[in-house]
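Peer 1: These protein sequence lines are chains A and B, in that order.
Residue numbers for the first sequence follow my numbering, so the first one is 1 and each next one is one higher.
Residue numbers for the second sequence follow my numbering, so the first one is 1 and each next one is one higher.
Some hints could be false.
[As the list claims (entries may be wrong)] What follows is a list of derived Cβ distance ranges for each label pair:
#: 1; chain 1: B; residue 1: Pro57; chain 2: A; residue 2: Gln102; range: 47 to 55 Å
#: 2; chain 1: B; residue 1: Gly38; chain 2: A; residue 2: Gln421; range: 28 to 36 Å
#: 3; chain 1: B; residue 1: Arg36; chain 2: A; residue 2: Glu241; range: 42 to 50 Å
#: 4; chain 1: A; residue 1: Glu388; chain 2: B; residue 2: Glu188; range: 48 to 56 Å
#: 5; chain 1: B; residue 1: Asn33; chain 2: A; residue 2: Val14; range: 38 to 46 Å
#: 6; chain 1: B; residue 1: Lys50; chain 2: A; residue 2: Asp270; range: 38 to 46 Å
#: 7; chain 1: B; residue 1: Arg48; chain 2: A; residue 2: Pro418; range: 17 to 25 Å
#: 8; chain 1: A; residue 1: Pro332; chain 2: B; residue 2: Met15; range: 27 to 35 Å
#: 9; chain 1: B; residue 1: Leu181; chain 2: A; residue 2: Glu276; range: 31 to 39 Å
#: 10; chain 1: B; residue 1: Gln63; chain 2: A; residue 2: Thr309; range: 28 to 36 Å
#: 11; chain 1: A; residue 1: Gly101; chain 2: B; residue 2: Pro57; range: 48 to 56 Å
#: 12; chain 1: B; residue 1: Glu188; chain 2: A; residue 2: Lys282; range: 45 to 53 Å
#: 13; chain 1: B; residue 1: Arg48; chain 2: A; residue 2: Asp270; range: 28 to 36 Å
#: 14; chain 1: A; residue 1: Gly101; chain 2: B; residue 2: Arg36; range: 26 to 34 Å
[Said to hold, decoys possible] To spell it out: a stretch of chain B is covered by chain A in this simulated footprint if at least three of its residues, at any positions, have a beta carbon under 8 Å from a beta carbon of chain A; those stretches are:
#: 15; region: 4-18
#: 16; region: 27-39
#: 17; region: 74-82
#: 18; region: 170-180
#: 19; region: 192-201
Quick caveat, the hints were computed from the structure, so don't treat them as lab data.
Idealized CB from N, CA, C, for every residue including glycine.
Each chain, written out:
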Amino acid sequence: MGKTLFDKIWDSHVITDLGNGFVLLHIDRLLLHDMSGGKSLKEAIEKGYPPSQPRLIYGTPDHTMSTKPGRTEHTHPPGLPLIKSMRETTSAYGIKLFDLGQDGQGIVHVMGPEQGLTLPGTTLVCGDSHTSTHGGLGALAFGIGSSELVHVIATQTMVQRKPKRMRASFEGKLLPGVTAKDMILHLIGELGTAAGTGFSVEYAGSAVRALPAEARLTLCNLTIEMGARTGMVAPDDTTYEYLNGRDYAPKGAMWDRAVAHWRTLPSDPDAEFDREHTIDMKNVAPQITWGTSPEHVIAVDRAIPDPGTGPEEKRGAWEAALKYQGLEPGKPIEGTKVDWVFIGSCTNSRLSDLRAAAEIVKGRHKAEHVTAWVVPGSVRIKSEAEAEGLDRVFTEAGFEWREPGCSMCLASNGERVPPGQRSVSTSNRNFVGRQGPGARTHLASPAMAAAAAIKGAIADVRKI
Amino acid sequence: MDKFTKVTGVAAPLMRQNVDTDLIIRIERLVDNVTREGLGPYAFEQIRFKPDGSEDPDCVFNQKPYRDAPIILSRENFGCGSSREGAVWALKGMGIKAVIAPYFGDIFNNNCFQNGLLPVALPIHEIEQLADEMKASPGNARVTVDLENCQVISPTGRTIPFQVDARRQHAMLNGLDDIALTMSRRDEIEAWQTSDKSARPWVWL
Numbered sequence: 001m002g003k004t005l006f007d008k009i010w011d012s013h014v015i016t017d018l019g020n021g022f023v024l025l026h027i028d029r030l031l032l033h034d035m036s037g038g039k040s041l042k043e044a045i046e047k048g049y050p051p052s053q054p055r056l057i058y059g060t061p062d063h064t065m066s067t068k069p070g071r072t073e074h075t076h077p078p079g080l081p082l083i084k085s086m087r088e089t090t091s092a093y094g095i096k097l098f099d100l101g102q103d104g105q106g107i108v109h110v111m112g113p114e115q116g117l118t119l120p121g122t123t124l125v126c127g128d129s130h131t132s133t134h135g136g137l138g139a140l141a142f143g144i145g146s147s148e149l150v151h152v153i154a155t156q157t158m159v160q161r162k163p164k165r166m167r168a169s170f171e172g173k174l175l176p177g178v179t180a181k182d183m184i185l186h187l188i189g190e191l192g193t194a195a196g197t198g199f200s201v202e203y204a205g206s207a208v209r210a211l212p213a214e215a216r217l218t219l220c221n222l223t224i225e226m227g228a229r230t231g232m233v234a235p236d237d238t239t240y241e242y243l244n245g246r247d248y249a250p251k252g253a254m255w256d257r258a259v260a261h262w263r264t265l266p267s268d269p270d271a272e273f274d275r276e277h278t279i280d281m282k283n284v285a286p287q288i289t290w291g292t293s294p295e296h297v298i299a300v301d302r303a304i305p306d307p308g309t310g311p312e313e314k315r316g317a318w319e320a321a322l323k324y325q326g327l328e329p330g331k332p333i334e335g336t337k338v339d340w341v342f343i344g345s346c347t348n349s350r351l352s353d354l355r356a357a358a359e360i361v362k363g364r365h366k367a368e369h370v371t372a373w374v375v376p377g378s379v380r381i382k383s384e385a386e387a388e389g390l391d392r393v394f395t396e397a398g399f400e401w402r403e404p405g406c407s408m409c410l411a412s413n414g415e416r417v418p419p420g421q422r423s424v425s426t427s428n429r430n431f432v433g434r435q436g437p438g439a440r441t442h443l444a445s446p447a448m449a450a451a452a453a454i455k456g457a458i459a460d461v462r463k464i
Numbered sequence: 001m002d003k004f005t006k007v008t009g010v011a012a013p014l015m016r017q018n019v020d021t022d023l024i025i026r027i028e029r030l031v032d033n034v035t036r037e038g039l040g041p042y043a044f045e046q047i048r049f050k051p052d053g054s055e056d057p058d059c060v061f062n063q064k065p066y067r068d069a070p071i072i073l074s075r076e077n078f079g080c081g082s083s084r085e086g087a088v089w090a091l092k093g094m095g096i097k098a099v100i101a102p103y104f105g106d107i108f109n110n111n112c113f114q115n116g117l118l119p120v121a122l123p124i125h126e127i128e129q130l131a132d133e134m135k136a137s138p139g140n141a142r143v144t145v146d147l148e149n150c151q152v153i154s155p156t157g158r159t160i161p162f163q164v165d166a167r168r169q170h171a172m173l174n175g176l177d178d179i180a181l182t183m184s185r186r187d188e189i190e191a192w193q194t195s196d197k198s199a200r201p202w203v204w205l
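Chain B on its own, in the form it takes in the complex (with noise of 0.2 Å):
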């Protein structure tokens, strides 16, 4: 896994709640024989291109200070619905880093922590006192999400705390992922199972 440890630059102000995985990829591009790096370019692209594949200026992804943004800032339940992990993959392909949001959907958020891309929650107020303050000084502004010391600097240099699991937090900046912990304790689950086959054998095909 990508290692996370502090990202500092522009943050795009996507204010919208629930925004849901399908919006951000949509899922015949997870069938189209497209890599995990190439799914950047359709990130969004409901809501950033027309129906005649033209760049909707409305979209805060197509606005200058946010283009490259590799920040979003979003309101509750982000990366809520399906459970594909195109979604990650696909943020990844734009560049974004970090989610800032109130809260994020579970199976999103599992995802993220697979991959290197830090969801960070903090409350709706905060997120929107940074929003106005990248809008405030367009250009210029840049936010810093710091996952060693657990803390979002603004734009202005107000310094937010934000929670993460131990574990977690760990696994992203040493970019370990769980597989080979878990291969390490094999003896424990061959023991296990050894004595679940004869409490519920009838599990056991």
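Okay, chain A solo, but in the shape it has when bound (with noise of 0.2 Å):
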């Protein structure tokens, strides 16, 4: 029988059998970021174990920086202890820092696909649970918390347990107005938010392997969303082509023996999979989020549902969710006044989702009610925007033109929708407080998000 892409790369990782389903993994990468690096170097450190491997360690600060224009490490004094015991830490062990106001800097899923750090066939880990997003390169990547951190740290290894596999198959074109944003959110929205408990997932299919490097950044970002710690796509010419050149990646004659590598990788055909999973793409529509959990979405053109009409056994987080975000069932969702809109975080920052939201804006103005903001995933994406006069589109339109970090996707810098405001954002989690205390949220793709800010209201992206 063949093996999958996943399988593939977990075996050839496996040092040892540690016996009751749990193996030593390699770990061929580890990113810091403020949050967690600075603190479990330390603890790595203090108990003893310094950093085994410390050049297959990278870092960059995003979680607590502030994005106001012309930030410092002051502007957010919270932050300051985190960056200041990161560099500390880092530069002990000689571990690269993309370091604030550096070429580099950026949230740390966005600087690892930009440098070349992320490779296909390798294995990734970061405190972070969004980690997924670099499956979308062929890696095995995967969030962690702060005790496995501290692991690899010690050891550049983990004991892991294989996860069963799933495999997602989204067929066909995608149609006006659809991007892998609405790909990902229809997905969990038709198989809920535990259904990849347990699994790896790969995302395959016609309109997969149409999709840009980017892209499937975004698809494999809100994999966690679902519940799967890994997700991934298995690497082709728009992965070799997205990687040529870049930073870190190999060079040269390295980089066809790294090729000819990656080749070998993708699913055998007979490959099995634990579950599989077929999307048409015909019915794939722009999506909207109603309520406070990734999988309360629908169609832009849809009502809002009626819990009494839902599964018996989500009627209750139905109602609580509708009462959160102060939405009436049964009516179109579409119109829906917004008061904030947030382009940016580690789902949708990149430049392609810059050009999308440009697209929309340029030659319009946002609504005069809605605060709308721009936070660039890294320097360079900042850098490379300017440079098409992207900056300009959006400050000419009314929006915010910030510096690169995490910022309101999670609020951490302490940049956060006020109470009771309703925001139309590109992030990935419309949880409960997750953009401020008594924030309310709508996930959306850029273009979608752009939209809402013109209209002062939830839009429909293909009627702009």
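Given two chains presented individually in distinct reference frames, assemble the corresponding complex, making use of the accompanying hints.
Peer 2: See below:
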């Protein structure tokens, strides 16, 4: 029987079988950010376990740094001790830190692919659940907790149990207004937030093959929102074109050797999956979430669901979500007044995302009552966008053009949607209080978020 | 790591699905200079407290028999979402020793086993019955979670078995963490790395 992409990478990284279903797995890349990077390095060192492979560890501050234009590490003082500790601990062991203001700094899941640190066939971990993003380039990537982080620092390995395999195949062409974000939200809506628990997911099918590399990163980013830690897309020519020439990607003859290896990675035709799910792209429209879980999602032209007609076991959750969100069942979601628009996060802050939003915004102006932010994913994306004039498209339309970081996706740097206010956000979680206590979040694609800013309400991007 | 063998006490029914780690602990509490042990007062703050800071009497953790419960009963997908280990520290900080739910977020589940907090997976009908038995005898009912024998004992004395990985059970019962065990395999790790450096030199920067 053939092997899946996941099994090929997993099996080749097993150092030893520990019994009872557990193995010791080699980790090729450890990425650190400011929330847990400095603290975990310090903990490992204090326990007597200095980094065993510092050249496989890379860091950048993103979570607690202000994204205010002209920011410094002092702009949001609570983040200062975290960045200082990250600097001290990384420099003591020669770990590369893409520091504030330097080329390379950005959201950790933007930085890895952008720098060519994320490579097909590698194992990559980070103390963040959206580490699944890196699977878009064919890496086996997953988020871990702080204790596991210390284990990786100390040993460059993890004690892991192999998950089951799921394949989600998207077949057909993307309809107008539909993006990778809509594909993954649609899938989560169909399967629910826990369908992937205990699984690794491979995204396949003609629609995925046709996606550019950045869109594949978006697709894999939300894998954890259906419960799976790992989501991946098999590497192909699109992947290699994206990676070729990037700072840390192999060069010359080494590049050719790497590509030859990567071409052996895709799942064999007779590989078996524990679960298969197929999505017909004809059924995928631009999506918007209505509730407080990513599975609370509908096509933008649909009505807000009625808990009375929903599945019985979800009735209570739906009622609570509608109450928190201040929404009435049965009404169209389109036209719901919006106060904030956030374009950014490890889901949707790459150059292609900013271009898609700018295309909607160009020549228009945001609604007066809306506060609209654009937070590029990295220093490099910011400067590339500025070279194309995207910053002016946004600022002329009344948007704020900010510095790179996680910002209002999780509000860990104090940048919050005020209580009771409604936001359309290109981020990944619409949990209660995620964007600030009492904030009401609707997840959508960058173009949909841009459309909401222009209309001042949830809008159907296809009508703009 | 703290050992876990057995706990007997009140089980608080937080009967909702998808209790995410953002709900368990807000991210800014992990930015502020709060120690791991000091996170307890902030656990579930969004449902324990009203916006004015007063206790919300509707929240189970503010209701008399459940206030200091060492066990939580919940519905599907407890601990989903963010990987923040602070969620486990906050639960421990509020005195929680075990959480019983049909299943857990994968990363949260792993984080629990790194900290001596036991996640127990039981079918939802068993959890609903445990919640009913708790409510039927408020103030007196107690649940026991016994890791050595892998069983939960309900307030009425029913014994409900649960499953746990033998490796993790052993580590929890003895308070072992993985690092020391892995360090003892240093030679195997280095041998793997040496061989990988010639097979995939581009990975080794």
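Peer 1: Next, verify each hint and record whether it holds.
Peer 2: Verification of the hints:
| no. | hint | result |
| --- | --- | --- |
| 1 | Pro57(B) <-> Gln102(A): 47 to 55 Å | 51 Å, holds |
| 2 | Gly38(B) <-> Gln421(A): 28 to 36 Å | 31 Å, holds |
| 3 | Arg36(B) <-> Glu241(A): 42 to 50 Å | 45 Å, holds |
| 4 | Glu388(A) <-> Glu188(B): 48 to 56 Å | 50 Å, holds |
| 5 | Asn33(B) <-> Val14(A): 38 to 46 Å | 40 Å, holds |
| 6 | Lys50(B) <-> Asp270(A): 38 to 46 Å | 59 Å, violated |
| 7 | Arg48(B) <-> Pro418(A): 17 to 25 Å | 21 Å, holds |
| 8 | Pro332(A) <-> Met15(B): 27 to 35 Å | 32 Å, holds |
| 9 | Leu181(B) <-> Glu276(A): 31 to 39 Å | 37 Å, holds |
| 10 | Gln63(B) <-> Thr309(A): 28 to 36 Å | 32 Å, holds |
| 11 | Gly101(A) <-> Pro57(B): 48 to 56 Å | 49 Å, holds |
| 12 | Glu188(B) <-> Lys282(A): 45 to 53 Å | 51 Å, holds |
| 13 | Arg48(B) <-> Asp270(A): 28 to 36 Å | 53 Å, violated |
| 14 | Gly101(A) <-> Arg36(B): 26 to 34 Å | 31 Å, holds |
| 15 | 4-18 | holds (count 3) |
| 16 | 27-39 | holds (count 6) |
| 17 | 74-82 | holds (count 5) |
| 18 | 170-180 | holds (count 3) |
| 19 | 192-201 | holds (count 5) |
Going down the numbered hints, you'll see the structure goes against 6, 13, while the others check out.
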